[in-house]
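Student: The chain contents come next:
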Amino acid sequence: MRRIGFSTGALARNDFRRALQMLTGKNVSAVELSALRQDELIPLVEQLDQLDLSPFKYVSFHAPSAMEQSFEPLALELLLQVAVRKWPIIVHPNAMYNPSEWRRLGNCLCIENMDKRKPIGQTAKDLAEIFETVPDASFCFDIGHARQVDPTMSEASAILHRFRDRIRQLHVSEVNTQSKHDPLSFESILAFHKVSHLVPADVPVILESKVQESEINGEIESALNALRVDNVLALTGD
Amino acid sequence: MPGTESTGATSADLAHSGLLRTCREAALKTREKLDQLLSKEIPGYTSEDTSLVVFGSLARGEWTSGSDLDWTYLIDGGANSDHLVIAQNINEVLEKAGFQRPGPTETFGNMAFSHDLVHQIGGQNDTNKNTTQRILLLLESRAIGKRTDAYERVIRGVINRYLEEDNHLLTHDSKRYRVPRFLLNDIVRFWRTMAVDFASKQRDRAGKGWGLRNAKLRMSRKLIFASGLLVCFSAYLDPDLQTKISTDQKDGIKLTLLQHIRDCVRLTPLEILAKSMERYGVSQSIAKTLFDAYTEFLKLLSDDKSRTALENLRSSDSRTDPTFRQIREISTVFEGALDHIFFKNKLIEPLTRKYGVF
Numbered sequence: 002m003r004r005i006g007f008s009t010g011a012l013a014r015n016d017f018r019r020a021l022q023m024l025t026g027k028n029v030s031a032v033e034l035s036a037l038r039q040d041e042l043i044p045l046v047e048q049l050d051q052l053d054l055s056p057f058k059y060v061s062f063h064a065p066s067a068m069e070q071s072f073e074p075l076a077l078e079l080l081l082q083v084a085v086r087k088w089p090i091i092v093h094p095n096a097m098y099n100p101s102e103w104r105r106l107g108n109c110l111c112i113e114n115m116d117k118r119k120p121i122g123q124t125a126k127d128l129a130e131i132f133e134t135v136p137d138a139s140f141c142f143d144i145g146h147a148r149q150v151d152p153t154m155s156e157a158s159a160i161l162h163r164f165r166d167r168i169r170q171l172h173v174s175e176v177n178t179q180s181k182h183d184p185l186s187f188e189s190i191l192a193f194h195k196v197s198h199l200v201p202a203d204v205p206v207i208l209e210s211k212v213q214e215s216e217i218n219g220e221i222e223s224a225l226n227a228l229r230v231d232n233v234l235a236l237t238g239d
Numbered sequence: 318m319p320g321t322e323s324t325g326a327t328s329a330d331l332a333h334s335g336l337l338r339t340c341r342e343a344a345l346k347t348r349e350k351l352d353q354l355l356s357k358e359i360p361g362y363t364s365e366d367t368s369l370v371v372f373g374s375l376a377r378g379e380w381t382s383g384s385d386l387d388w389t390y391l392i393d394g395g396a397n398s399d400h401l402v403i404a405q406n407i408n409e410v411l412e413k414a415g416f417q418r419p420g421p422t423e424t425f426g427n428m429a430f431s432h433d434l435v436h437q438i439g440g441q442n443d444t445n446k447n448t449t450q451r452i453l454l455l456l457e458s459r460a461i462g463k464r465t466d467a468y469e470r471v472i473r474g475v476i477n478r479y480l481e482e483d484n485h486l487l488t489h490d491s492k493r494y495r496v497p498r499f500l501l502n503d504i505v506r507f508w509r510t511m512a513v514d515f516a517s518k519q520r521d522r523a524g525k526g527w528g529l530r531n532a533k534l535r536m537s538r539k540l541i542f543a544s545g546l547l548v549c550f551s552a553y554l555d556p557d558l559q560t561k562i563s564t565d566q567k568d569g570i571k572l573t574l575l576q577h578i579r580d581c582v583r584l585t586p587l588e589i590l591a592k593s594m595e596r597y598g599v600s601q602s603i604a605k606t607l608f609d610a611y612t613e614f615l616k617l618l619s620d621d622k623s624r625t626a627l628e629n630l631r632s633s634d635s636r637t638d639p640t641f642r643q644i645r646e647i648s649t650v651f652e653g654a655l656d657h658i659f660f661k662n663k664l665i666e667p668l669t670r671k672y673g674v675f
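Chains as they are written, first to last, in our numbering: chain A, 2 to 239; chain B, 318 to 675.
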């Protein structure tokens with residue numbers, strides 16, 4: 002059974018306690034604690050010991066998606082405290098001013114591929130350059146970002162072929178034209194199907210879809226459907 | 318024929334030597350200059366949803382002093398009336414900077430939309446303009462500037478459409494890719510369309526510009542066609558591609574071929590020819606003959622007097638005009654080399670016979 006759950010930021014922005022409450026009693030076994038904005042990092046790290054994370058078999062932590070350069074040293078100190086727990090720490094490559102400093106996180110550092118707004122980290126080629134600077138880092142494959150960058154999913158296929166062994170977590174959602182995370186549409190499910198056979202079956206899935214509490218189980222079902230692997234053999238010639 | 322230095326050179330060396338290298342470097346510099354100019358005059362002229370795409374000699378790396386600038390403002394995103402304003406601004410800036418305007422057909426020099434390019438392949442709504450933009454986008458285009466997202470998405474979207482319509486991408490035994498027939502047929506159709514339009518333009522423009530258009534048809538247009546065929550044939554012939562065939566899913570099979578074709582068309586048409594000749598064992602002498610002929614063609618176009626003579630030449634004077642006689646000789650040599658590649662090479666000839674004619 003694939004481990005699957007939600008990002009707290011998707012469910013309740015900075016109110017991680019509320020998000021954890023929303024997940025109670027749902028079909029979830031994974032969670033990503035999210036501090037997407039710089040000012041959310043300190044309160045979340047300070048509260049980690051007080052959170053009941055026992056329902057989850059898998060926990061990850063999302064670092065701020067952007068930060069002021071002056072905040073980077075403090076952010077790294079705080080994230081090192083998170084790394085002690087051996088949780089993957091999801092980092093947007095554009096948030097790293099001094100990549101060599103981020104190597105201190107070892108393989109807890111988990112680089113995410115970017116959407117089309119970001120100047121770097123969109124393609125297999127971009128990611129290869131990034132992993133050269135942080136060679137021990139693992140990889141968070143955001144399939145929604147990859148689809149937004151290339152709806153044919155050929156870039157997603159290239160990324161998966163090249164970095165499948167590094168993947169530690171999957172981000173799943175519909176990424177709309179404004180680069181916002183939406184619930185999965187049929188269109189995105191069709192697209193994700195095209196590469197689902199390349200996604201390792203044991204990689205945990207974190208949904209970033211912005212949904213109401215009542216929609217959580219339905220969205221999980223949609224995501225599992227999108228990642229289902231059909232055993233259809235390749236069609237051959239006439 | 319002069320133009321290349323070393324007889325022991327590889328096809329790739331030949332494609333990058335002498336005047337071919339000069340023109341290629343000039344194209345690179347001009348594309349950079351274009352970006353600097355537009356970045357200064359229209360900051361943020363491209364975005365995640367829009368790209369400035371150039372075609373023709375600038376994209377093929379064959380830029381000469383008299384080249385005109387074919388461009389389009391490619392849009393792959395929500396409708397926005399400001400797109401027209403930006404396209405008009407680009408036009409104005411380029412004109413002021415002294416770039417030659419695109420031809421009068423209005424195929425270039427304005428906006429192009431991804432939806433038509435991706436969805437209207439064949440059928441009543443696939444206009445001449447749409448076909449031209451689509452095929453040239455694949456076979457001779459480059460995006461200007463740092464933001465090339467829209468360009469990249471549309472190219473992949475177009476290739477994907479061609480492959481989606483081919484139900485059987487693999488041979489019977491699943492050991493090889495087949496030649497993507499839908500794409501190939503569209504490339505063949507485009508070549509024939511250009512040839513037919515040549516006659517139509519002769520009539521519409523009362524013979525004006527006949528000589529230059531004829532020369533281009535014999536050389537640069539034919540080069541695009543040949544490179545397009547070779548891209549399609551490579552699906553069947555490329556040994557590296559065949560090793561990537563897996564038996565997992567139909568979609569995986571398609572995406573691998575999509576990536577292959579995308580990678581192929583990153584090369585210029587001359588580079589595609591050079592790579593194919595090396596890969597399929599075409600002799601060095603044929604390669605040299607081909608690149609020498611093409612060098613001579615570019616030398617003529619680089620010479621203002623010859624170019625002007627071609628621009629002013631009417632078909633009625635073509636048999637006596639010395640410049641056109643040169644073009645005829647060069648193009649005969651060029652075609653002879655192409656004939657050798659497509660009809661004498663033991664790997665390519667069967668595919669030419671199977672897919673290129675009937």
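Read the hints as simulated data drawn from the structure, not as lab findings.
As the structure is a prediction and not an experimental result, all values here were calculated from the model.
Please note that the accuracy of each hint is not assured.
[Stated by the list, open to error] Straight-line C-alpha distance at most 27 Å; calculated DSSO-like pairs for lysine-lysine: (1) LYS126/A to LYS350/B; (2) LYS126/A to LYS58/A; (3) LYS126/A to LYS661/B; (4) LYS357/B to LYS346/B; (5) LYS181/A to LYS663/B; (6) LYS463/B to LYS126/A; (7) LYS346/B to LYS463/B; (8) LYS346/B to LYS413/B; (9) LYS592/B to LYS346/B; (10) LYS346/B to LYS126/A; (11) LYS592/B to LYS492/B; (12) LYS413/B to LYS561/B; (13) LYS413/B to LYS463/B; (14) LYS492/B to LYS357/B; (15) LYS126/A to LYS518/B; (16) LYS539/B to LYS413/B; (17) LYS446/B to LYS518/B; (18) LYS592/B to LYS661/B.
Student: For each hint, tell me whether it holds in the structure or not.
Tutor: Here is what the structure says about each hint:
Between LYS126/A and LYS350/B the CA atoms are separated by roughly 26 Å; this keeps the pair inside 27 Å, and the hint holds. For a cut-off of 27 Å, the pair hint linking LYS126/A to LYS58/A is broken: about 33 Å separates their Cα positions. Our distance criterion of 27 Å between C-alpha atoms is broken by LYS126/A and LYS661/B, whose separation comes to about 38 Å. Simply put, LYS357/B and LYS346/B have alpha-carbon atoms about 16 Å apart, close enough for the 27 Å limit, and the pair holds.
A hinted pair counts as satisfied when its Cα atoms are at most 27 Å apart, and LYS181/A with LYS663/B does not qualify at roughly 54 Å. Proposed proximity of LYS463/B and LYS126/A is supported: the alpha carbons are some 15 Å apart, at most 27 Å. Note on LYS346/B and LYS463/B: the hinted pairing holds, with a Cα-Cα distance of about 15 Å set against a maximum of 27 Å. With a C-alpha separation of about 18 Å, the suggested pair LYS346/B and LYS413/B falls inside the 27 Å cut-off, and the hint holds.
The hinted pair formed by LYS592/B and LYS346/B meets the criterion: a straight-line CA distance of about 24 Å does not exceed 27 Å. The straight-line distance between the Cα atoms of LYS346/B and LYS126/A is roughly 24 Å, inside the 27 Å bound, and the hint therefore holds. Note on LYS592/B and LYS492/B: the hinted pairing holds, with a Cα-Cα distance of about 23 Å set against a maximum of 27 Å. Between LYS413/B and LYS561/B the alpha-carbon distance is near 50 Å, which puts this suggested pair outside the 27 Å criterion.
With a CA separation close to 23 Å, the supplied pair LYS413/B and LYS463/B stays within the 27 Å bound. Only pairs whose Cα atoms come within 27 Å are accepted, and LYS492/B paired with LYS357/B is rejected, the gap being roughly 52 Å. For the given pair, LYS126/A sits about 44 Å from LYS518/B by alpha-carbon distance, which is inconsistent with the 27 Å threshold. Simply put, LYS539/B and LYS413/B have alpha-carbon atoms about 32 Å apart, too far for the 27 Å limit, and the pair is violated.
Proposed proximity of LYS446/B and LYS518/B is supported: the alpha carbons are some 14 Å apart, at most 27 Å. Taken as a hint, the LYS592/B and LYS661/B pair is honoured in the structure, with Cα atoms around 17 Å apart against an allowance of 27 Å.
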